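Chains A and B, in that order, are what the protein sequence lines are.
Take the first sequence: its position 39, counted from the start at 1, is 167 in our numbering, and no numbers get skipped.
Take the second sequence: its position 66, counted from the start at 1, is 70 in our numbering, and no numbers get skipped.
Think of the hints as simulated: they come from the structure by calculation, not from any bench.
Just so you know, these numbers come straight off a predicted model, no measurement behind them.
For glycine and all other residues, C-beta sits at the position ideal for the given N, C-alpha and C.
Heads up, some of the hints might be wrong.
A short, non-exhaustive set of chain A residues, derived as facing chain B with CB atoms under 8 Å [stated by the list, open to error]:
hint : residue
1    : Arg143
2    : Leu154
3    : His186
4    : Gly190
5    : Met193
Using 20 Å as the maximum straight-line C-alpha spacing, the simulated DMTMM-like pairs for lysine to aspartate or glutamate come out as follows [unchecked claim]:
hint : chain 1 : residue 1 : chain 2 : residue 2
6    : A       : Lys183    : B       : Asp57
7    : B       : Lys132    : A       : Asp145
8    : B       : Lys46     : B       : Asp33
9    : A       : Lys183    : B       : Asp33
10   : B       : Lys46     : A       : Asp149
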Amino acid sequence: MDAQPVMDLAAAMERFDGDQDLFLTLAEMFLERSPAALAAIQTALADQNLPMLAKEAHKLKGSAMEFCARPTVAAAAQLEESARQSAVSDMTAIGERVHAEVQRLTAALQVIIEKGFPS
Amino acid sequence: MAEPAHRIVDDPLAGKAAKPMPVILLVDDDEITRISMAGRLKRLGYRVIEAGDGVAGLAAIRAQRPDLVILDWMMPGLDGPSVCEAIRADGELRSSQVVLMTAHDKPEQIAEGLSRGADDFLSKAASKQEVLARVQASLRSSALVREIERTRDDLDRSHRLLSAKQTELESELQSAADFVRAQLPLPGMPAPGVSMQWAYQPSLALGGDLFQVSVWGSETLGLYILDASGHGVAAALRAVALMTFLREDNLAKVVGSFDPGAIITEANHRFPLTQDGEYFTLWVGRLHLPSRTLSYAAAGHSGAFLHSLQGVSQWLSSASLPLGFDPTISFDSATAQLLPRDRLYLLSDGIYEAPSPTGELWGRDRLQATLESHRAHTLAHSIGDTMTTARQWLKGDIFPDDVALLGVEVLDGTAPAKEKS
Numbered sequence: 129m130d131a132q133p134v135m136d137l138a139a140a141m142e143r144f145d146g147d148q149d150l151f152l153t154l155a156e157m158f159l160e161r162s163p164a165a166l167a168a169i170q171t172a173l174a175d176q177n178l179p180m181l182a183k184e185a186h187k188l189k190g191s192a193m194e195f196c197a198r199p200t201v202a203a204a205a206q207l208e209e210s211a212r213q214s215a216v217s218d219m220t221a222i223g224e225r226v227h228a229e230v231q232r233l234t235a236a237l238q239v240i241i242e243k244g245f246p247s
Numbered sequence: 005m006a007e008p009a010h011r012i013v014d015d016p017l018a019g020k021a022a023k024p025m026p027v028i029l030l031v032d033d034d035e036i037t038r039i040s041m042a043g044r045l046k047r048l049g050y051r052v053i054e055a056g057d058g059v060a061g062l063a064a065i066r067a068q069r070p071d072l073v074i075l076d077w078m079m080p081g082l083d084g085p086s087v088c089e090a091i092r093a094d095g096e097l098r099s100s101q102v103v104l105m106t107a108h109d110k111p112e113q114i115a116e117g118l119s120r121g122a123d124d125f126l127s128k129a130a131s132k133q134e135v136l137a138r139v140q141a142s143l144r145s146s147a148l149v150r151e152i153e154r155t156r157d158d159l160d161r162s163h164r165l166l167s168a169k170q171t172e173l174e175s176e177l178q179s180a181a182d183f184v185r186a187q188l189p190l191p192g193m194p195a196p197g198v199s200m201q202w203a204y205q206p207s208l209a210l211g212g213d214l215f216q217v218s219v220w221g222s223e224t225l226g227l228y229i230l231d232a233s234g235h236g237v238a239a240a241l242r243a244v245a246l247m248t249f250l251r252e253d254n255l256a257k258v259v260g261s262f263d264p265g266a267i268i269t270e271a272n273h274r275f276p277l278t279q280d281g282e283y284f285t286l287w288v289g290r291l292h293l294p295s296r297t298l299s300y301a302a303a304g305h306s307g308a309f310l311h312s313l314q315g316v317s318q319w320l321s322s323a324s325l326p327l328g329f330d331p332t333i334s335f336d337s338a339t340a341q342l343l344p345r346d347r348l349y350l351l352s353d354g355i356y357e358a359p360s361p362t363g364e365l366w367g368r369d370r371l372q373a374t375l376e377s378h379r380a381h382t383l384a385h386s387i388g389d390t391m392t393t394a395r396q397w398l399k400g401d402i403f404p405d406d407v408a409l410l411g412v413e414v415l416d417g418t419a420p421a422k423e424k425s
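The following block holds chain B by itself, in its conformation from the complex (with noise of 0.2 Å):
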């Protein structure tokens, strides 16, 4: 009748106490099965909670959350399969982990109970060690789902934060790249007797390809299209550099004339290649409009293509490095006379590079041939043909580089009306 000595032992997890005590919910309409059984569990180490039925049991689960529910299945008003039932239907309650108990042992009341809802099974009847076992078992069972339940959430919230922060990020790359499409000119008319229109997708939300077409000076048109290396952010924001460079106010400041060789001479002494071994190519050309006299110098860049209906049409390129490479160098002028209707064309090598699914390049034959063949269209036409027509070599829409296509047409009577005056 004495105090059993194992009182000590009463609580196995009492000395873990940075384990929280698992809470074991006990359901049961029969006192004395529940009391008992609730004894035996407290022995184990467990705290319970009782319920004395079914809907009284659903209440604690969605109040107390506990590890492990242990249901009786012969109950008055909801029964322990139907206390399952609700419990998996229940978004919030679902992953709870649920023993059903009962005094049968048949197994097609097993069978039953499990697919209803049940987890496992307790005989009323089962020994110590097997209730020890069960409970452990489905406690592990238990830990693990909360566990997962765990991840899971702590995904949702790290997924929410990234697509939050992405929003934001696209939302800036978006202003950023409104800011640099504002930098590329309107199409039109630049100068009397000029008109001019372009095509621009870069492969990414900034590109790192710009063009410009202004007046330097009383008559002459400045024109011209650089390619920073690389992509995104930091290709347009160099570029962004690089242009504001080629401002007509700058360049009359720091070079002192608009002489395409000179402009890109000077660019060389400031742009030089980046730690990360970034660089540029540029090509500038300076029309002057009485004399349709074309200067035009390039660093590395041979997207210069005149196309002339009666003269003869040619690439306006030569060899030369990039900008940055040798602060040494100094970059020469060449020239070329345009003829009434000739069409000056820059483009981004993006656009002659397009590969076609099998890997092959459209090339810039192709793209002559293209440029050529819309002859007798507008320049407008010409412009988005061109860009179709790469696109369907390319079989899609989205171009692996940034690709830019300017054209300057000299109308009919430019240069006489100049000549005249």
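So that you can see chain A by itself, here it is in the shape it has in the complex (with noise of 0.2 Å):
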């Protein structure tokens, strides 16, 4: 999973129809929002509270999707899910997964943010 790369920052770009502010903007409010989204899957997770867990998931899938971020999509896609099925053997595992894969999303995007768009 880690070889596939943490976004498609083309696919992204074409999805914003090349609109740069408007990926920046998104991009500072999701690094602003994914400490707390993390905490509120940690929280869902320990509390075994499924219903929250599925909606945390949700969220957090359909933010990562507007950067097409497919790992953290699928990581919290595969949560949301697990979540739903109540497949609760998994859940801790696919949490972790869930938390490297936004740590690395957010980290690609605060290069975006600081060094600005690759070339």
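Starting from two chains that each stand alone, build the complex the way the hints lay out.
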């Protein structure tokens, strides 16, 4: 999975019709909100609050989709599905994967925010 | 990083000022997704209103009536499908165009969304091209629906206007019909020793068949029946004009006599064929009460039947042209002697030309037989029953032509009383 690029920047830019400002705005919002999202997922996992877990994972999946961040989307989707199907045994591992993917994505977004788009 | 050149085409519809920019309401609780989708839609040239949850979305739909609503499926509180249901349950909002947006793309979810009132589906992962295609398709539907609604509203308005006009016209027509009916004689005894009854049923609100029985001078009873060709308002107006001519005071002034032939000859001058080819037929009779002698003349009208108890029953008609066909001709009076309890019927052709459902006309013979069969009954009874029999033949209540049936009966002892005096 780690071999897969954290996001498809070209596809994301195509999605925003080349609007870099919009991309940057959304990237900053994602950086701002992802710690809280991950914390909420962590709490839901700890409490075994499956509806909350599904909801938070779904939201995260939607946001990651905007950046065409496939590994994050896939991990969040898997977590959401596990929560819906009450597949409790896998959840901790998937939760960790979600955490790792979000970290990778925020790092990549951070680079773009600070250094600009790769030419 | 430089401002991309395509900023210029930021708003593809900006140049088409005549066409208002379609308004899309975007309802999504996730800000990142909402801002992203709003940005994409704005770039496609649409005006975007945003709402952060289902309740705010419903309020925005009511307040702004967007051309298209894009609803996120999963939202806290009122979720997308619930908003759809609320829209479909609201008479005012029902026709809104709604697209449900979801990060899932499962067929069963699509089916559920559609069954709960969504018009289409949009995946959050959709490409720019797909978003554009779906939004455009939905906006086309929305425009069509709005056009249908406008047309329906226009039709409703026109219908209301027409209904109001119709009511007004009907009310005027009813006033006119009441006026025409008021010209007809009151049933009863128009002169001592003479009883009179009638039935009148115009095919429309207004009829062109009119009749009158009134005293002309001291010892004579004038009676006539006229038929203005055509139906409805025009025929009724012309009929009333002829009726005015036939008033006793007018006849005395312009004809100088109550002789039926002289009256019809004068009427023939005064009522020529109209430019539309309309004309009258007319039968005029004058009953000298002391002698029970009837003189009569007709212009194309053959609706007078003398039903005699002791003498000979006969149709009092002669071959003649209707009024106005030839202004040079003169009309002559004929006479008939009435005996006590004889009945004179004046009638419009509408009664004996009543068709059966197969198209066979009732006919004068059947009418005559019906009138004669009521000999033992009162005049009122005879008139009423004859109308009933005609309706039975017609198998209905609405005659295709105006129907008038007037009966006059010379009572026992009238003439002898006068003869003694």
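Tested hints:
{"no.": "1", "hint": "Arg143", "in the structure": "holds, 6 Å"}
{"no.": "2", "hint": "Leu154", "in the structure": "holds, 5 Å"}
{"no.": "3", "hint": "His186", "in the structure": "holds, 6 Å"}
{"no.": "4", "hint": "Gly190", "in the structure": "holds, 5 Å"}
{"no.": "5", "hint": "Met193", "in the structure": "holds, 5 Å"}
{"no.": "6", "hint": "Lys183/A <-> Asp57/B", "in the structure": "holds, 15 Å"}
{"no.": "7", "hint": "Lys132/B <-> Asp145/A", "in the structure": "holds, 8 Å"}
{"no.": "8", "hint": "Lys46/B <-> Asp33/B", "in the structure": "holds, 19 Å"}
{"no.": "9", "hint": "Lys183/A <-> Asp33/B", "in the structure": "holds, 12 Å"}
{"no.": "10", "hint": "Lys46/B <-> Asp149/A", "in the structure": "holds, 14 Å"}
Against the hints set out earlier in the document, no violation occurs for any number.
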